[in-house]
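Peer 1: Sequence:
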Amino acid sequence: MRNTVQRTVFIAGAAMLGLVADAGAATLSVGLGMPYATPCRAIAAAATGDLIQIYPGTYSGDVCGIYASNLTIRGVNGRPKIDAAGKNAMGKATWVVVGNNVTVENVEMLGSKVPDLNGAALRLEGTHFTLRKSFLHDNQNGILSGANLNSDILIENTEFGHNGYGTGQTHNLYIGNVRSLIFRYNFSHDANVGHNLKSRALTNTILYNRFSSLRPGEIGSTAAGQPSYEIDLPNAGTSYIIGNVIQQPAANQNPSLIAYGEEGASNPGKNLYVVNNTFLNDDTVRGNFVLVGAGVTAPILLQNNIFSGIGTLSNQANPLQKTNYRSIAPGFVNRATYDLRPTANALVIDAGSAPGSSPFGVAMAPLAEYKHVALGMMRPVTGPLDIGAYEASSPAP
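Okay, so the sequence shown: first residue is 524 according to my numbering, each after it adds one.
Misleading hints may appear alongside valid ones.
Straight-line Cα separation of at most 20 Å, EDC-like style, residue types lysine to aspartate or glutamate; simulated pairs [as the list claims (entries may be wrong)]:
id, residue 1, residue 2
1, LYS845, ASP805
2, LYS610, GLU631
3, LYS656, GLU628
4, LYS636, ASP606
5, LYS894, ASP862
6, LYS610, ASP639
7, LYS615, GLU631
8, LYS894, GLU628
9, LYS845, ASP873
10, LYS604, GLU628
11, LYS615, ASP639
12, LYS604, ASP639
13, LYS656, GLU631
Honestly, the hints are just simulated from the structure, not real lab data.
Put together the whole structure using the sequences plus the hints.
Peer 2: What follows is the structure, encoded as structure tokens:
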């Protein structure tokens with residue numbers, strides 16, 4: 524597992540530095556007065572390794588398949604808006620990603636609808652995919668990927684909001700049975716009846732995100748939604764959930780915040796590590812913080828987490844618990860604005876234990892914290908770990 528994660532991070536870092544671009548790659552510019560009027564015209568003309576730069580504007584009904592590999596599609600000088608506007612590619616999505624090693628950066632995508640009610644802004648069919656600094660909202664699915672055990676997916680610094688048709692079968696994002704998912708520094712909120720994150724990946728690394736929802740009738744960047752699970756890992760898998768804010772709204776479709784192995788623990792790995800998260804259950808009637816399927820027999824690890832609100836910690840009979848803190852209303856600097864730095868409490872500040880490494884060699888101590896909106900910041904090191912997703916000495920998130 525360690526090699527898989529390192530490989531994925533290397534690919535992402537290399538892409539940021541331009542190290543994986545092919546020699547002779549072209550830059551194709553999209554926008555008013557540019558060589559290409561719409562992104563899909565540039566996508567159709569692109570060759571392996573090209574860069575497509577999309578200038579600001581609203582591109583309505585611009586739907587297509589992406590066939591070139593090692594392609595980067597990037598919004599520049601602002602964030603372009605890609606509105607499916609009632610159209611779809613192949614009956615599947617706004618953009619169907621068929622090529623390998625495709626990267627999409629800094630785009631807003633909305634309005635994906637197809638007749639079978641399973642349309643996505645991005646449908647992933649190739650091997651390896653990266654999404655960064657984007658905003659996917661009000662689609663039947665934000666992302667929908669197929670099964671590909673050779674594929675590594677990286678999603679970071681991206682907002683997902685109010686995706687889902689409302690049947691419970693569509694989600695903010697749904698990752699199929701791929702080799703690995705790294706999901707970090709994202710804001711996933713208000714899924715419409717479905718899950719804020721669903722992944723069947725063999726390895727899931729979920730770091731420094733915020734999963735939350737608005738109150739009914741409240742308007743933020745999207746309308747309010749009633750999610751089911753905040754995080755659903757239905758087939759288990761070796762999974763790390765570290766440094767996240769995980770909030771269940773009072774109006775929801777399921778009392779559990781995290782579900783693990785609930786559709787059958789069919790992935791080879793059945794190890795779940797839940798470390799230094801801040802859980803907020805705003806349902807005052809029911810709650811289960813970590814729901815574990817019967818096929819998972821290895822004790823899950825719950826360490827250094829704050830569990831706020833009522834409910835069962837876990838339905839698993841023998842979870843391994845270390846230095847967690849439970850309270851109906853823990854002290855936070857400003858709960859209403861999600862400033863979740865702990866206030867003075869000797870049971871939280873400097874009260875965490877060192878997580879060490881998993882048996883697979885993955886270090887589990889939190890190195891960063893979520894910063895709104897869809898950003899990250901370094902977690903300060905000031906002695907022993909504080910319990911929860913934030914250090915008391917951190918700057919305001």
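Peer 1: Each of the hints needs a verdict: does it hold here or not?
Peer 2: To see whether the hints hold, each was checked on the structure:
Between LYS845 and ASP805, the direct Cα distance comes to roughly 24 Å. Violation of the 20 Å bound is thereby established for this hinted pair. A hinted pair counts as satisfied when its Cα atoms are at most 20 Å apart, and LYS610 with GLU631 qualifies at roughly 16 Å. Restraint check: the Cα-Cα separation between LYS656 and GLU628 comes to about 6 Å, which is no more than 20 Å; the hinted pair holds. A threshold of 20 Å between alpha carbons decides the hint, and for LYS636 with ASP606 the separation of about 11 Å falls inside it, so the pair holds.
Straight-line distance between C-alpha atoms of LYS894 and ASP862 comes to about 10 Å, which keeps the hinted pair within the 20 Å bound. For the suggested pair LYS610 and ASP639, the alpha carbons sit about 13 Å apart, so the restraint of at most 20 Å is met. For the given pair, LYS615 sits about 18 Å from GLU631 by alpha-carbon distance, which is consistent with the 20 Å threshold. With a C-alpha separation of about 19 Å, the suggested pair LYS894 and GLU628 falls inside the 20 Å cut-off, and the hint holds.
Only pairs whose Cα atoms come within 20 Å are accepted, and LYS845 paired with ASP873 is accepted, the gap being roughly 14 Å. Pair hint LYS604 plus GLU628 holds up; C-alpha atoms about 12 Å apart against a cutoff of 20 Å. Taking the CA atoms of LYS615 and ASP639, the gap is about 9 Å. The hint holds against a cut of 20 Å. For the given pair, LYS604 sits about 24 Å from ASP639 by alpha-carbon distance, which is inconsistent with the 20 Å threshold.
Distance hint between LYS656 and GLU631 is fulfilled; the C-alpha atoms sit about 9 Å from each other, no more than 20 Å.
Consistency note: the structure conflicts with the earlier hints numbered 1 and 12.
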